[in-house]
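Number of protein chains: 2
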Amino acid sequence: MENRYCVIMCGGIGSRFWPFSKAARPKQFLDFFGTGRSLLQMTYDRVSNIIPVRNILAMTNEKYAPLVKEQLPELSDDQILLEPDRRNTAPCIAWAAYHIRAINPNAVMLVSPSDHLILREDVFKDCVTRGLDFVARYPYLLTMGIQPNRPETGYGYIQMGKEEIDGFSRVKTFTEKPDFELAKVFVESGEFAWNSGIFLWGVNTIIDSIHEHVPDIAMRFDKGLGKFGTEKEMAFIKKEFPACPNISIDYAVMEKEKNVFVQRADFGWSDVGSWGAFYEKSPKTETGNVIRNCKTVLSGCENNIFAAKQEKLVVASGLKDYIVVDDDDILLICPLSEEQKIKQYVNEVKANFGDEYL
Amino acid sequence: MENRYCVIMCGGIGSRFWPFSKAARPKQFLDFFGTGRSLLQMTYDRVSNIIPVRNILAMTNEKYAPLVKEQLPELSDDQILLEPDRRNTAPCIAWAAYHIRAINPNAVMLVSPSDHLILREDVFKDCVTRGLDFVARYPYLLTMGIQPNRPETGYGYIQMGKEEIDGFSRVKTFTEKPDFELAKVFVESGEFAWNSGIFLWGVNTIIDSIHEHVPDIAMRFDKGLGKFGTEKEMAFIKKEFPACPNISIDYAVMEKEKNVFVQRADFGWSDVGSWGAFYEKSPKTETGNVIRNCKTVLSGCENNIFAAKQEKLVVASGLKDYIVVDDDDILLICPLSEEQKIKQYVNEVKANFGDEYL
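Chains A and B, in that order, give the protein sequences. Position one of the first sequence corresponds to residue 1 (the working numbering), numbered consecutively onward. Position one of the second sequence corresponds to residue 1 (the working numbering), numbered consecutively onward.
Derived from the structure by calculation, the hints contain no laboratory data. Worth double-checking, as some hints may not be accurate.
Said to hold, decoys possible - From the structure, some residues in chain A lie toward chain B, with a derived Cβ separation under 10 Å:
1. P19
2. V315
3. I333
Claimed, not checked - In the DSBU-like style, the derived pairs of lysine-lysine whose C-alpha atoms are separated by at most 35 Å in a straight line are:
4. A/K284 - B/K350
5. B/K284 - B/K295
6. B/K284 - A/K343
Given the structure is predicted, the values throughout are model-derived calculations rather than measurements. Glycine is no exception: its CB is placed at the ideal position from the N, C-alpha and C atoms.
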């Protein structure tokens with residue numbers, strides 16, 4: 001147990017749920033499903049079941065420090081690592097690995113996004129426990145592969161090879177979002193799993209892989225040896241972190257590394273990456289409406305999402321398959337089928353009205 | 001000029017424009033057309049061109065006193081008559097007539113709603129001037145009849161008889177909102193005009209008619225003779241006004257009185273009694289959207305009304321022929337074709353959430 005660490009990545013900012021999530025309060029900080037806990041808090045609840053609380057780290061952007069402290073009061077300040085700049089997941093995970101290794105050179109770590117939904121926490125707990133045992137024993141990178149139930153084109157896919165160790169398969173290929181036909185072939189073949197972005201590995205294993213595949217990141221962090229885990233760490237990070245390449249761990253390491261294994265998992269996972277996914281996972285009224293927070297008087301409205309502030313009264317008529325989000329200073333009304341256009345709207349808003357509304 | 005008075009009725013409260021207009025700030029107090037002046041202020045501007053400002057009275061409910069004072073700072077407190085209760089137009093006009101007669105027994109008065117739109121003010125000025133001359137000369141009630149340009153079913157119609165005096169026709173019948181077929185017959189006959197609710201008469205003429213047709217109102221106000229125009233007036237009104245029957249001047253007097261004349265007028269009038277009328281009279285974008293106050297980013301939106309607060313950004317996609325109104329605590333989204341259902345929604349809101357949102 002002492003060697004188990006968790007890194008919760010919660011510095012992301014997406015515009016797909018704008019204006020429900022905004023730059024000042026991204027998705028992971030929202031009570032997305034009306035449970036009373038934000039997605040970040042749900043992530044914390046899930047991992048604190050498995051990993052000692054003092055071994056949990058939250059990696060976030062420094063501007064979200066107040067939000068993380070407010071939402072995760074269980075973490076002490078030195079468990080919240082504040083990125084001085086946005087550099088995608090590879091530098092983030094590299095820092096976390098160097099930091100943890102300085103504290104415990106035998107550590108194994110679970111890397112978890114903070115904005116996903118996992119419904120079956122007992123299955124998750126069992127998977128993580130077995131996965132951490134695996135990466136404690138073998139110098140391999142392990143990724144959680146979700147059993148696909150449909151030809152989803154919004155996810156990355158992992159192809160599993162024949163070689164198995166302790167029931168985990170060696171990864172053959174990673175494929176980013178395929179088109180529908182290809183996704184169908186993938187799912188039907190039985191050889192593919194969805195890439196959940198949940199990773200497990202020993203700190204030394206990942207640091208070795210970073211050296212091999214992204215040496216510029218490794219060399220930069222190597223300069224800080226002796227500083228990680230000390231009071232000199234933040235000054236070092238402030239200087240070096242922004243100089244790291246902006247690159248994802250998938251692209252920088254996972255897709256290049258030969259020793260990646262996948263653990264097939266089926267714990268009711270969704271990355272909640274779209275309004276469609278949010279709609280699908282949410283409880284609905286008899287007429288198929290998802291109502292988040294607000295009061296409603298609806299007539300002839302079917303299969304919509306209504307999200308607004310607690311005190312808002314939404315009176316709507318004749319809307320079908322729409323997203324209606326009302327924030328203090330923004331109202332979005334958009335067909336669910338056009339949700340991919342929301343990013344365009346955000347760009348247009350930015351061009352016309354500046355950052356004020358983002 | 002000294003004998004000319006104007007009574008602006010601004011105590012009404014309608015729910016047809018809810019939540020754009022609400023009980024706390026009904027339609028007449030709103031800058032409906034984005035001109036910078038409310039409908040009440042536009043009414044004041046229009047009549048103060050014709051009638052001495054000191055002879056203009058605003059009749060309103062006592063709860064709207066602060067709004068009237070704020071919007072019409074030109075009026076002194078004794079020009080704002082505050083109704084202690086809602087009793088429709090007959091008691092309101094009776095009070096105004098008794099009040100004015102006490103000040104000037106030779107007065108003629110123009111009675112004007114405060115929530116209508118009149119586009120051609122010069123024509124209006126000319127009509128009112130000629131109308132006031134007419135009622136100064138003859139003991140007749142005069143009503144402004146608008147030249148109809150379509151078989152509108154939302155208006156009342158006035159049938160004009162053959163008898164004419166000074167170019168004004170004696171009224172034959174009043175007909176409340178006809179059905180479409182009947183309205184067509186009315187318009188094609190050339191004998192009918194729309195009832196604008198704008199009246200002109202001598203104070204003695206209207207008080208005589210009230211005696212004849214609604215004696216209970218007349219007798220009640222007669223008890224206050226000697227008090228009108230004095231400091232005793234309000235105490236008297238507080239006691240007697242609420243005891244008056246709740247009845248309109250049309251029903252109580254106009255439809256019963258034989259000596260009613262109509263002045264045909266064509267000054268670009270609309271009672272702005274519906275979102276459809278509002279839409280029709282408002283400036284539109286290239287794609288036919290009416291945008292009141294708010295900022296917008298629109299995609300595939302045609303022929304909608306968007307009304308919100310100045311600072312609100314409305315981002316909408318794929319809406320056609322909708323009314324979208326965003327108020328602080330209420331959001332309404334409703335097809336323009338279903339605007340008559342808004343009253344139902346208001347009732348439902350009231351039943352479910354109380355008066356808070358009205």
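Tested hints:
1. P19: A/P19 check passes; min Cβ-Cβ to chain B is 8 Å, inside 10 Å.
2. V315: 5 Å, holds
3. I333: A/I333 check passes; min Cβ-Cβ to chain B is 4 Å, inside 10 Å.
4. A/K284 - B/K350: Holds, at roughly 24 Å.
5. B/K284 - B/K295: 14 Å, holds
6. B/K284 - A/K343: 27 Å, holds
In terms of the numbered hints stated before, the structure departs from none.
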